[in-house]
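Colleague: Quick note, the sequences are listed as chains X and W, same order. Converting from the first sequence to my numbering requires adding 20 to each position, the first position being numbered 1. Counted from 1, the second sequence has number 138 at position 158 by my numbering; the numbering is strictly sequential.
Don't read these hints as lab results, they were simulated from the structure. Note that the structure is a prediction, hence the values are computed from the model and not measured. Backbone N, C-alpha and C define an ideal beta-carbon position, used for all residues, glycine too. Warning: the hint list may mix true and false statements.
[Unchecked claim] What follows is a list of derived Cβ distance ranges for each label pair: (1) W:GLY191 / X:ARG40: 26 to 36 Å; (2) W:TRP240 / X:LEU131: 42 to 52 Å; (3) W:ILE304 / X:VAL209: 17 to 27 Å; (4) W:LEU94 / X:THR177: 50 to 60 Å; (5) X:SER232 / W:ALA195: 21 to 31 Å; (6) W:ALA195 / X:ILE128: 45 to 55 Å; (7) W:ARG179 / X:PRO239: 41 to 51 Å.
[What the hints assert, rightly or not] Residues from chain X shown here face chain W by an in silico Cβ test under 10 Å; the list is partial: (8) PHE160; (9) MET165; (10) VAL275; (11) ASP280; (12) ILE282; (13) LEU291; (14) TRP325; (15) ILE329; (16) LEU340.
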Amino acid sequence: MTTTPLAARPGRAWWRVPPRHVPVLATAALLLVMYAVGVSQYQAFSNIQVVFNVFIDNGFLLVVAVGMTFVILTGGIDLSVGSVVAMTAMVSASLLGDGLHPALVLLIALLLGPTLGFAMGCVIHFFDIQPFIVTLAGMFFARGMCTWISTTSIPITDGFWTTAAQHRIHLGENFVSISVLIALAVLAVGAAVLAYTRLGRNVYAIGGNQQSALLMGLPVGRTKIAVYTISGLCSAIGGILLSFYTLSGAPLIAVGMELDVIAAVVIGGTLLTGGSGYVFGTLLGVLVLSIIQTLITFDGTLNSWWTKIVIGGLLFVFILLQRLVGIRTK
Amino acid sequence: MSTARARLAGVTGHRLFWPLVVLLLLLVANVIYRPSFLSVELKNGHLYGSLVDIVRLSAPLILVALGMSLVIATGGIDLSVGAVAAVSGAVACLYISKQPDQNSLAVVLTAVALGFGVALLLGVWNGILVAGIGIQPIIATLILMVAGRGLAQLIAEGQIITINSDPYKVIGVGHLLTLPFAIVIALAVTLLVAVLTRRTALGMIIESVGGNAEASRLAGIRSRRITFLVYVVSAACAAIAGFMMTANVSSADGNAVGLWVELDAILAVVIGGTALAGGRFYLGGSVIGALLIQTLTTSVYAMNIDPQTSLLFKAVVVIVVCLIQAPAFRARFRRRRSVPVTPVEPVGTEKEQVPA
Chain X
21 MTTTPLAARP GRAWWRVPPR HVPVLATAAL LLVMYAVGVS QYQAFSNIQV VFNVFIDNGF
81 LLVVAVGMTF VILTGGIDLS VGSVVAMTAM VSASLLGDGL HPALVLLIAL LLGPTLGFAM
141 GCVIHFFDIQ PFIVTLAGMF FARGMCTWIS TTSIPITDGF WTTAAQHRIH LGENFVSISV
201 LIALAVLAVG AAVLAYTRLG RNVYAIGGNQ QSALLMGLPV GRTKIAVYTI SGLCSAIGGI
261 LLSFYTLSGA PLIAVGMELD VIAAVVIGGT LLTGGSGYVF GTLLGVLVLS IIQTLITFDG
321 TLNSWWTKIV IGGLLFVFIL LQRLVGIRTK
Chain W
-19 MSTARARLAG VTGHRLFWPL VVLLLLLVAN VIYRPSFLSV ELKNGHLYGS LVDIVRLSAP
41 LILVALGMSL VIATGGIDLS VGAVAAVSGA VACLYISKQP DQNSLAVVLT AVALGFGVAL
101 LLGVWNGILV AGIGIQPIIA TLILMVAGRG LAQLIAEGQI ITINSDPYKV IGVGHLLTLP
161 FAIVIALAVT LLVAVLTRRT ALGMIIESVG GNAEASRLAG IRSRRITFLV YVVSAACAAI
221 AGFMMTANVS SADGNAVGLW VELDAILAVV IGGTALAGGR FYLGGSVIGA LLIQTLTTSV
281 YAMNIDPQTS LLFKAVVVIV VCLIQAPAFR ARFRRRRSVP VTPVEPVGTE KEQVPA
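Using the sequences and the accompanying hints, generate a full structural model.
Modeller: Structure (structure tokens):
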């Protein structure tokens, strides 16, 4: 009998967690459970290198997901990211093949994505066309550019690229690649921009209610164009990281990647209606997706399509959770 | 003079004017490239020709676009149609491949019924998520878009199921009364949907739900039931499209069947003048949109351009058509044409009415 008030108190303390943090915490809990399952089932799973490999294999996904978080926070969507990633990798591979200086190639490749993002943002803002349609056109455009450059895969043999790809930064017995550091840097910058800058506040304000943001005198147009440009930049960086990872540019690489990215952002607790979510949640979302893949690889008996089914199931659970949290706050 | 001008403005202002102009331009370009493009001939009682081919190949897209129009009319969107087409095609082909006599009509009918039933279940699932639980349509259907592909591969166990069934093949490449059977199906479904929505109050009810679901509910319309229904209809249309696609090649590949058809269908609907915000739908426009997209694809093939590069053309056409149709773009263009206009209405006022 005496235990009831004791049990109730921690319960009440738990409810004091702001509702907007619940999805992120749920993702974190899920991640821990999945990691624990992995460690308990497979001996090699407890090796720290497994965690590092998750980052090495999915650094580009993380970078692109950070950009997507910005877009989704404003209530928009960017379907072009996968194609822009492929286009960036293709352009770098092709220009390097032509013997251009790596620094110049890097500059051009990093400018392409933001330019396309800027153009899409302008069309979305000035002509009031749905982001879905505009970025769909962007997706077709970038994918078309890939095959226009070359229909076959182009290998990269440039010294700078191969060094960047193969260089190992040792941490004790384990190592990470340069890409991981770049990805984490992008993550930190993205989180800081969203949390501490005027642009970040504007992004949340527009996602919460565009009409109110406009009436408050916030630069709605500029911010909307900015988020698509940011997403383009992140996709471009993601494309460079992918070209480090594969050391080639292939026209059909990263097909359907936009779905993985959107799934990661949603699982990370960001509302697709905009206005609520964190870059940190996106990191957790990407990690959840990659741990699923790692678990399936470790298992060996499950087939790759289970990844898709599990991701779909997780999406369902998290969307339901968001829905429940949303009802409670109302 | 002024009446003629007004009439001209009326014609160019019609929502189907620019899509039709683009379609016509594409056809003219094809004729210039290959003069025999327009010729249609009768061989063995069947119609053959490039135009017939375009319509036959666009049949699946027309079907998917019809269902998508209804979904978009309610203010929703259905991203799962491609996955649903893949699943229903895989189920039908799997059933046929397991039977001893693949050419039996009864087997094919059972297979189609099975595939159709599974698709209806998937539609019900989407409907429950959107209408029952109240999840945003784009996410609710995203679940099935991702998981459905996995499901299709699971059904086929990662293999491409090949079948050798003549009755099933008819769905994709057969003929009925000189016309390809696929065209007949697409035509029949189009007419059915058109009659059901435009000759009864159903169409108006769907539009009113898209305009304002809550207001329609207060007016006595069962909004949730209507929303639920359109997702089931969309899945049913996708299933028929899935049968056509798999029958075309006599095999079911869980990864390839209906890949990106959802995007093409949404494009077709938007090109046809249906706004993604919901509240209105134009079936004729969606059909023309689907024909436009297929004509574009076929022209690119015919002109020996790499099929993947056709995406470039698609991007350009999409953006041009959408821009021409966008009220904000038209307002700007009009203002620039008639220069000395007194106090220009700020663009902002027009924008505020459109929800993001």
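Colleague: Take the hints in turn and mark each one as holding or not.
Modeller: Hints, one by one, checked against the model:
1. W:GLY191 / X:ARG40: 26 to 36 Å: holds (31 Å)
2. W:TRP240 / X:LEU131: 42 to 52 Å: At roughly 28 Å between Cβ atoms, LEU131 of chain X and TRP240 of chain W fall outside 42 to 52 Å, so the hint is violated.
3. W:ILE304 / X:VAL209: 17 to 27 Å: Taking Cβ atoms as reference, ILE304 of chain W and VAL209 of chain X lie about 39 Å apart, which means the hint is violated.
4. W:LEU94 / X:THR177: 50 to 60 Å: holds (53 Å)
5. X:SER232 / W:ALA195: 21 to 31 Å: 22 Å Cβ-Cβ, so the 21 to 31 Å window holds.
6. W:ALA195 / X:ILE128: 45 to 55 Å: holds (53 Å)
7. W:ARG179 / X:PRO239: 41 to 51 Å: holds (49 Å)
8. PHE160: Since chain W brings a Cβ to about 4 Å from PHE160 of chain X, closer than 10 Å, the hint holds.
9. MET165: holds (7 Å)
10. VAL275: holds (9 Å)
11. ASP280: holds (9 Å)
12. ILE282: holds (7 Å)
13. LEU291: holds (9 Å)
14. TRP325: With a closest approach of 4 Å, the TRP325 of chain X hint holds.
15. ILE329: Hint on ILE329 of chain X: holds, closest Cβ of chain W at ~4 Å, below 10 Å.
16. LEU340: Interface hint status for LEU340 of chain X: holds (7 Å vs cutoff 10 Å).
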